[in-house]
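Peer 1: Sequence:
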Amino acid sequence: MRKLYILLTAIVFSAAIAQAQRQVVSGYLKDSLTHLPIAGGSITNTTIKQTVRSDKNGFFHIAAAPNDLIYAFAKDYQYDTLRYSILFTDTIIIYLPPSAQMLENVTVTAGYQKYKMDSLERREAFEQLRGNDCLLLLNIMRVILVW
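Residue numbers (numbering that gives the first Met the number 0): 0 to 146.
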């Protein structure tokens, strides 16, 4: 019985040691709304201080062991953290929500006031007169040159 207990203890410890070893983890960094890949995002294993960047397809590789803290962030997105576990699949997907940027309220009004309508009418009249004055000036110049 004692030998069985020692054997089981050895198996448990060897399994724990094997699980605690660091391995390369692959994953994708994606937008949580559109599920499109996020290129150039940073993924950091804070336990070993290793940082990698996601490629144009959002793909990355990083070394991790169980209970390592993984931190992911990208420009225009909120960051996310997760604790790596052996229960994760061979490829993990990290979804980052877009950061909400609140803009100040803007009031837009449209429409012409009476004064603006009057101004448009005056401008149109001015353009017509200006065109007539140019023609009148050209006619006077022709008369002078001919004379």
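None of these hints come from the bench; they were simulated from the model. There's no promise every hint is true.
Stated by the list, open to error - No farther apart than 25 Å at their CA atoms in a straight line, the calculated lysine to aspartate or glutamate pairs in the DMTMM-like style are these:
| id | residue 1 | residue 2 |
| --- | --- | --- |
| 1 | 55 | 89 |
| 2 | 48 | 103 |
| 3 | 29 | 89 |
Peer 1: Which constraints among the numbered hints does this structure fail? Numbers only, ascending.
Peer 2: 2
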